[in-house]
Every structure is written in C-alpha cells, then in structure tokens.
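K.L.:
Produce the complete structure using the sequences and hints provided.
Going down the list, the protein sequences come from chains A and B. Its first residue numbered 4, the first sequence is counted upward by one per residue in this note's numbering. Its first residue numbered 2, the second sequence is counted upward by one per residue in this note's numbering.
Mixed in with the good hints, there may be bad ones.
Claimed, not checked - Straight-line Cα separation of at most 16 angstroms, EDC-like style, residue types lysine to aspartate or glutamate; simulated pairs:
1. A:LYS475 <-> B:ASP195
2. A:LYS253 <-> A:GLU236
3. A:LYS287 <-> A:GLU268
4. A:LYS347 <-> A:ASP515
5. A:LYS543 <-> A:ASP350
6. A:LYS294 <-> B:GLU303
7. B:LYS96 <-> B:GLU106
8. A:LYS475 <-> B:GLU188
9. B:LYS47 <-> B:GLU303
10. A:LYS422 <-> B:ASP195
11. A:LYS443 <-> A:ASP405
12. A:LYS393 <-> A:ASP515
Hint data in this document are derived by calculation from the structure and do not stem from the laboratory.
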Amino acid sequence: MKRTKSLAVVAGFAMVTLAACGGDGGGGNAGGNNPSEFINPESEFGKVADAEGPAPEVEGATTGGTITVAIPGDPGPEDLDPANGWSVLGNSIQQALTHRSLVQFRRDQETGAMELVPDLATDLGRPNEDFTEWTFTIKDVNWENGNPITAEEVKYGVERTFDSETFTSGPGQVYSVSNFDCGEGYTGPQDGDCPGITVDGQDITFKMQGPFPDMDFWSTFMAIGPIPLENSEFPAYGRMPLSSGPYKIKEFRVNESLTLEKNPEWDAASDPARHQYADEWVFKFDQDQEKTDQLLLSDSADAQTTVSNGLGATNVAALRDALGDNFIQQTGQCVSYRTPDYTKITDVNIRKAIAWGYDFENIVLAGGNIPGVTRIPASTIMPPGMSGRKEYFPDGEQFTYDPEKAKALLAEAGEEGYKLTFIYDDSDAEAKAAAEQEKKGYENAGFTVEMIPYQEDAYALWDDAESPINAKLNLRSVNWCSDWPSASTMIPPLVQSGQPYNTSYFSETEVDDRIKEIATLPLEDQAPAWGDLDELIGTKYFPMIPTAYRNDLFGAGSKIGGFTGDAAMSAIYYKDLFVIQ
Amino acid sequence: MSTPTMGSETLGHLSDEADPDDAVAKTPVSGKSPLAIAAGRLRRDKVAMACLTIVLFFVLIAIFAGQLASLFNVTTQPGNPSQQLDFINDGMPLKGPPHNGFDPEHPFGIAPKTAKDNLASWLYGARTSMLIATSATVVASIVGVVLGLVAGFVGGAVDKVISFITDLFLTLPFLLMALVIAPILNERFALTPDRYQTMQVVSLIGILAAFGWMGIARLVRGEVLSLREREFILSARVIGMPTSRIMVKELLPNLVAPIVVAVSLMLPAFIAAEAGLAFLGVGITQGESWGQTILLASAYFELYPLYLWEPLLGIVVLVLALNLLGDAIRDAVDPKTRR
Numbered sequence: 004m005k006r007t008k009s010l011a012v013v014a015g016f017a018m019v020t021l022a023a024c025g026g027d028g029g030g031g032n033a034g035g036n037n038p039s040e041f042i043n044p045e046s047e048f049g050k051v052a053d054a055e056g057p058a059p060e061v062e063g064a065t066t067g068g069t070i071t072v073a074i075p076g077d078p079g080p081e082d083l084d085p086a087n088g089w090s091v092l093g094n095s096i097q098q099a100l101t102h103r104s105l106v107q108f109r110r111d112q113e114t115g116a117m118e119l120v121p122d123l124a125t126d127l128g129r130p131n132e133d134f135t136e137w138t139f140t141i142k143d144v145n146w147e148n149g150n151p152i153t154a155e156e157v158k159y160g161v162e163r164t165f166d167s168e169t170f171t172s173g174p175g176q177v178y179s180v181s182n183f184d185c186g187e188g189y190t191g192p193q194d195g196d197c198p199g200i201t202v203d204g205q206d207i208t209f210k211m212q213g214p215f216p217d218m219d220f221w222s223t224f225m226a227i228g229p230i231p232l233e234n235s236e237f238p239a240y241g242r243m244p245l246s247s248g249p250y251k252i253k254e255f256r257v258n259e260s261l262t263l264e265k266n267p268e269w270d271a272a273s274d275p276a277r278h279q280y281a282d283e284w285v286f287k288f289d290q291d292q293e294k295t296d297q298l299l300l301s302d303s304a305d306a307q308t309t310v311s312n313g314l315g316a317t318n319v320a321a322l323r324d325a326l327g328d329n330f331i332q333q334t335g336q337c338v339s340y341r342t343p344d345y346t347k348i349t350d351v352n353i354r355k356a357i358a359w360g361y362d363f364e365n366i367v368l369a370g371g372n373i374p375g376v377t378r379i380p381a382s383t384i385m386p387p388g389m390s391g392r393k394e395y396f397p398d399g400e401q402f403t404y405d406p407e408k409a410k411a412l413l414a415e416a417g418e419e420g421y422k423l424t425f426i427y428d429d430s431d432a433e434a435k436a437a438a439e440q441e442k443k444g445y446e447n448a449g450f451t452v453e454m455i456p457y458q459e460d461a462y463a464l465w466d467d468a469e470s471p472i473n474a475k476l477n478l479r480s481v482n483w484c485s486d487w488p489s490a491s492t493m494i495p496p497l498v499q500s501g502q503p504y505n506t507s508y509f510s511e512t513e514v515d516d517r518i519k520e521i522a523t524l525p526l527e528d529q530a531p532a533w534g535d536l537d538e539l540i541g542t543k544y545f546p547m548i549p550t551a552y553r554n555d556l557f558g559a560g561s562k563i564g565g566f567t568g569d570a571a572m573s574a575i576y577y578k579d580l581f582v583i584q
Numbered sequence: 002m003s004t005p006t007m008g009s010e011t012l013g014h015l016s017d018e019a020d021p022d023d024a025v026a027k028t029p030v031s032g033k034s035p036l037a038i039a040a041g042r043l044r045r046d047k048v049a050m051a052c053l054t055i056v057l058f059f060v061l062i063a064i065f066a067g068q069l070a071s072l073f074n075v076t077t078q079p080g081n082p083s084q085q086l087d088f089i090n091d092g093m094p095l096k097g098p099p100h101n102g103f104d105p106e107h108p109f110g111i112a113p114k115t116a117k118d119n120l121a122s123w124l125y126g127a128r129t130s131m132l133i134a135t136s137a138t139v140v141a142s143i144v145g146v147v148l149g150l151v152a153g154f155v156g157g158a159v160d161k162v163i164s165f166i167t168d169l170f171l172t173l174p175f176l177l178m179a180l181v182i183a184p185i186l187n188e189r190f191a192l193t194p195d196r197y198q199t200m201q202v203v204s205l206i207g208i209l210a211a212f213g214w215m216g217i218a219r220l221v222r223g224e225v226l227s228l229r230e231r232e233f234i235l236s237a238r239v240i241g242m243p244t245s246r247i248m249v250k251e252l253l254p255n256l257v258a259p260i261v262v263a264v265s266l267m268l269p270a271f272i273a274a275e276a277g278l279a280f281l282g283v284g285i286t287q288g289e290s291w292g293q294t295i296l297l298a299s300a301y302f303e304l305y306p307l308y309l310w311e312p313l314l315g316i317v318v319l320v321l322a323l324n325l326l327g328d329a330i331r332d333a334v335d336p337k338t339r340r
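P.N.:
Here is the structure:
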C-alpha cells in the first residue's frame, strides 16, 4: 500500500527527547507513547472467525460531537472509488468508516493487537483444502439508500477491478488479476461474467488460478467489496460512492476535505468492529504542519476534538507533554526506497554508489524525522517483523554514508561524475530541505545532480510513460507498507515487471518467474522462499535501495477518546474514536 | 542655528535666487539648477543623510554579498544537521544561538533542520531583494514615463487608449495575478532547472513592474498636460522641433523632480512586495530570499527568535530608510509641501 506523500522522506514526524524517557515504565503495547526507539511491527495477526456484532463498547465511550482530523502535508485520495483505494490514508479512513468489505481488522482493546474479524461476510471465508476455492456468505445488510447488499454486487465490485484502463493503479490489478480464475485477458464486466466467481443466493465463491491462502487478508480491501450494479461508472462514482459503513459521505472536495455524517441504514448488530459514536467527521487534507501542531498545543475548544495524522518535528517534545496518552507512536510494516531507473542505470556499481552516497542521517533530519526512532536504516526489501525475512546486506555490510566508497564504485564503473536526475517538491520546506541534503550527499560522493522542482502527485508522474519530465528522471522513490503481513504484498508490487509502483522499472524474467512459482509452493515454504527471493534480488540485481524502515507519530486533542493506532494499516485506528462529552 | 518656522522657505525657492538662509547668501548669485538646489537641501537634512547611508550600506552588501560571505567563510550550502543540530532535544543548533552564545564560525547562527548558515542566507537574501526591487523599479519607471509622456503630449485617441490600459491594469489584483502565474512558470520551466532560477527572478521582476508602472504613467501624463501649454513648448513647436526632441529635451528635464520622488517611493514598496510574495511561497523559491527565510523562521518564533529577527530587521530597516529618504527627496524638490 502506498504512502501518498512520496517525495519527502515523508514529512511530518518527529524529534523527541531521548533523555526524558527514563521515567516512563509502562505501555508495552504496540502503540506506546514513548517514542525513544524504533518499534518493530508484529509479524502475525490473530483471526477470530466467529466474532459477531455489535462491536465491544469502548470504555467510557459517549456519543455525539464532531471529530476533526487534520492531515498535514498530504493531499489525500484523488477519488473515493473502492477499486482505486490503495493508499494508507484513504483506505484507513474509508475501510473504517464508510466502506465495508468481506472481512475487516479489529483492534483487541486488551492487548492492542490487531485481529481479523468478519465484516460483510458471516465468517472469514471457507477455503477448500488447497486454498484454490473460497466461499463467503454475505449478511443481510443495506446500502445507505436502503437497498440490500447482494452477493451479485460483490461479484460486480470484484470484476470491476479487473479493468486495467480505468483502475490502472488499483490493488485489484495485482491481487485479483493474478489470483482469481477469470480467464486470460479478462478486463472487467464489459467482457461479460468472470467464470471464476459464482454466486448462489447470498453465497459467493471465488475460484483461484492456484492456491491463495491470503484471500481472507485480501478481503479486507474495498476492492473485494460490493458496488451497486447501476449508476456506478468511474469517475462519477468515485466522487460520491454509496456507503455501507456507519458513516456516509456528506461532501468530498478533492485535496481539501471529506465530511462524513451518520448512516442510519448501518446495522450495529451486523458489524463486530465499527462504532457510530461521533455525529460527524471532518477530514481536512493538506494542512499546514505548523498550524496543526499549534492548534493541538493550544487546547482550544476546536483543538480538543481534533486528531492529527502526523506530528511536526519542531514541536514533538511539547506535544508529547501536552497530549499525554493521546500521543502515539505507531509501527507498521513500512519501508522507504530509492529506486534508480533500471533501464538507464544498468551498472549495479552505480546503484551501489548511490546507496553509499545517500546521506541517511542528514536527509532524515532535514525531512523532519528522527533517525533511530521514526526512521531506521534499512537493508532488505522486506521490513523487520515480516515472516521469512532474512537479514542480509546487499553490499556485504549496512549502507552508511560513505562518499569515498561511492567514489571508488563510480570509478570502477568508469562513470565519475555520473548525473542523477530526480524530482523534489520545492513548495514544501521540509521536502526541499531533505532534497538539498540528498543533493549535497551525492555531490560529495562524486555524482552530479539535477533536481527538478515538481509539486504534483509524484506517483502519477512516475507511472506516466508519456511525460517528458518522467523520461528525464533516472532516480525515483517509493514508500510502501505491506497490505497484510506477508512478503507477497511487498515484493510483487515493487519488483514485478509492469507494476505501477515498480518505479525502478525493474524487469527480470528470473524474478518474475520466481514470484509466480512461490505462489504455488506449499504454504509453510512460502515465507522462507520470499526471504530467499529478497536476498537474490538485493544481492544479484539490487534494483532498489531500501533507505528506511518507518514509524509514525499521531496525536489527538484532550476530548478525543479511544485514540489508538492501527498496526495493520500503519495508521490511526478510526473505528474506536469518540468525543468525550 | 534655528530656522524660522514659517519663513520664506515655505513659499518655495525653486529658482536661481539664492536661499536667504544659505550661508553663501551674501556672496554673488551663482547659477544653480533646481536639482542642485534640491540636492543642497537634501544634504542639510540629517534624517535623509542617515537614511542614505543605510541604503548605501545595503547596496554595498547586495553588490559584495559573495565576497562578504567568503570573508566570513560561510556558504549557502546546507550544513550537516546530524552533527550541528541537537536533534535528540529540540532540534536547535549545538553551537551558537539560541541556546548558546556567539559562534564565530556562524556569526548569525545556523538554521534549524538544514543547518544552513544564516549570515550567508541573509547576505544573498539582501542581494535578491535589492536586485529584484531595483530592476522592477527601473522597468516600471521606463514604461510609466514613456507611456505618460506619449499620452500627455500626443493626446487624442492615443491618450484615450493609454489611459484605458492604465485603468485596466489598475483594476487587476496584483496578488491574484502573482498567485496565478507562479504555477504556470513552474510547469513551463520544470524541465530546465538551471534556467528555472533565473526565470523566477525575471518573471518576478516582470510581475512587479507590470503592476507598478501605472502610478508613474498617470503622474507624468498629468504633468505633461499642464507643461505642454507653456510658452517654451509652444515656441519649440513653432520653430519646428520634432515631437520626440520636444519630449526628450524640453519636457523630460522638467519632469525629473516628480519622477525621482515616485521612484524613491516605489523602491521600498517593491522590496516589501517581493518579501511578501516569497512568504506566500510564490516568489523566489530557488536561492535565497528574506521573505522565504521569514516563512521558514515563523515556525520557530518561540524557540529561536533570532532566526526570524534577522531577515525581518533587514526588511524593516531597509524599507523604512528608503521611505524616509523618499519623503526627504520629495520635500527637497518640492519645498511647498515641507513639513
């Protein structure tokens, strides 16, 4: 799952007092409020197949009020179409509040751990013995307009994601297309029915091309959810999609705001995780970091019911003191990569030279993050805590900033003064400062650097083969979080040929074949096989430079209750939030 | 020496006659041009002289920014945040302000986050400010004077057209246009980042000038309207002097005083406008600019006030000095309005 904010080393997080943490003894859970060191994510999530609604009440929860969520430095999703939802921010909001899919995550209030529970389906799916067929039964629940949600609509919703022209960079293009048995070249409902998805009353059965044991995890995505058969054409539907969750969309202004109000058709008894505490939600995108921090610090009437999706580096020490329990450090399986263009920078020594010339500490600091706390140096494609991960170093040892080594590698490649071209956002002070540090680091390491100022969505640019700016670049980046705790959601989207987030344009048949092969292996052999593939890619091809493993910092005002982090999404856990009355 | 509060001076002495207060009043009358008289008055204005010194000081800083920076051994290159900033506490510099005393290596301190030297930013920021304001003033005055002269002297349809254009430009909101043009330029020059920086400066000068010439054009037109009926112009016409020569040789010298006044008041306005646009993020984003530093520093106003004060004082002192100097010049050339 992408991080929308791609250009910066991702703006917005923190600088914190290391010395001041001595007194804090407790808080051993994943979402502790003691940001002194990097927290490794969980590798497994529990599954509770028989969980039933209504969801357990949050202690002290009261109803009413409006929750405002300020989102600094992130323009938010371009549309709300369930087939397109593949960003941490957009999905964490929509899946928690407006869009139900077959399965969902719930946070165990005792342990803080995430667990898989049923959503629209009555259970977590019933696979056959070899995981090639999954059957779900859809509950009798309604859309916001009162119409019943049918299995046909789920089928239509899934088929729709096969349309590679409309939903180019949707998650269905990876997981549905490569797993569901819809026949070669199937591109959605305009090609007729997908023979691999059959409906019988409220039962829906998915036939797979091969074993797909992660179908329950994949079913948490909106791309495995219902879409009404009528009036659901893209892009109009993406502006005002029908809601099935506890809240419905009142108003959506792209890059500005999203307002949600209560959906009276939502049935609490059918939903084991969501609540309907607040009357209204207002999400404000692209907020000023400094203003958001100052608002939270002010503890004014507005601030008390405000949640911040990212805390600024300058004020973290003060925010931590002021917010108390409503200051959380959230882990997740998230990694930042620098991706040299595999078709242009063909010499692996140059790619290694870039890695040695990446001035980690200075870039992280200038970008408003804390080295060793919210960002730690990375070496493998798979993040820590992911099962099957093998600790290895692409160049024998951990990459640190070593300009001499980079120069030597460049000399070996016979490319002294090699020119790197990348984009940066010159309108965002932190992104710009980080880019300047990076430039300085590369220049000291014997590169020449050309930075192109670019202020729009970087992923859209990198995915645009026509763009003359994109054609000029030879260094891109990607920030990626696992879609569920399996390397099959990290490695294929990032290195398989032709994937939208494969921003290095890496393409090797050996790797592509191996990715297909691993899916057919026995379940227990898959995780180690991914670890081996990770090592093979890193040591033999080294197409992408893992620059940092990530943690995030979130905050909320004093009248917000139930404020916790979502370890599955690496985001705020919106389902439990309420306004203390 | 005290001067009469309501002396003959208030009536104006824009003539060859010597000032009665002048120390050389008793010496034989010498030929002095009106401007020389004005300059004499200016020289005796202490405030004006002080302001002129300040302005010259900034001009020298702007011209020799590079040399001064290397004299202090500072550059505008980003520093090493991991070594120079205390990121485990509040991200402030380990040496120098705000928490420690003076740091001789960085006399103005270093910026948080980037560890860039503040003195270098300030020096180059002064250069940007002066360069943009001066160029915009020159362009705006040339455009304004030429259009004003032509409109006033030629009259008729030409006057109507030029006056209409002047009014049209007066109605266009300057800030809005600047906000609209910035992203267009970004799009246009994104592919040539080396030219982008120059184009930002050039376009900013263009925008400032395009919305700054109307005042001068109207002023000059008004003056020309009254001057062109005077005898010396009529006689020049009678002896068959070409129009262009009348404008340049006869009219223009008589307009020097109002033009000088207008220019001296335009300069500080442009400096403030440049900083304002940079603060809004649509001015100079490449290279150094005081407005940009103020924008960055406003986040640290509690923790690191010096970082904010440096560019702010630069702008306030320079704009104030230029304004006072402009007022003094106006008083000097037009004694009737003397305070």
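K.L.:
Indicate, hint by hint, whether the structure satisfies it.
P.N.:
Cross-check of the supplied hints:
no. : hint                  : result
1   : A:LYS475 <-> B:ASP195 : 14 angstroms, holds
2   : A:LYS253 <-> A:GLU236 : 19 angstroms, violated
3   : A:LYS287 <-> A:GLU268 : 26 angstroms, violated
4   : A:LYS347 <-> A:ASP515 : 20 angstroms, violated
5   : A:LYS543 <-> A:ASP350 : 12 angstroms, holds
6   : A:LYS294 <-> B:GLU303 : 14 angstroms, holds
7   : B:LYS96 <-> B:GLU106  : 9 angstroms, holds
8   : A:LYS475 <-> B:GLU188 : 15 angstroms, holds
9   : B:LYS47 <-> B:GLU303  : 37 angstroms, violated
10  : A:LYS422 <-> B:ASP195 : 14 angstroms, holds
11  : A:LYS443 <-> A:ASP405 : 13 angstroms, holds
12  : A:LYS393 <-> A:ASP515 : 20 angstroms, violated
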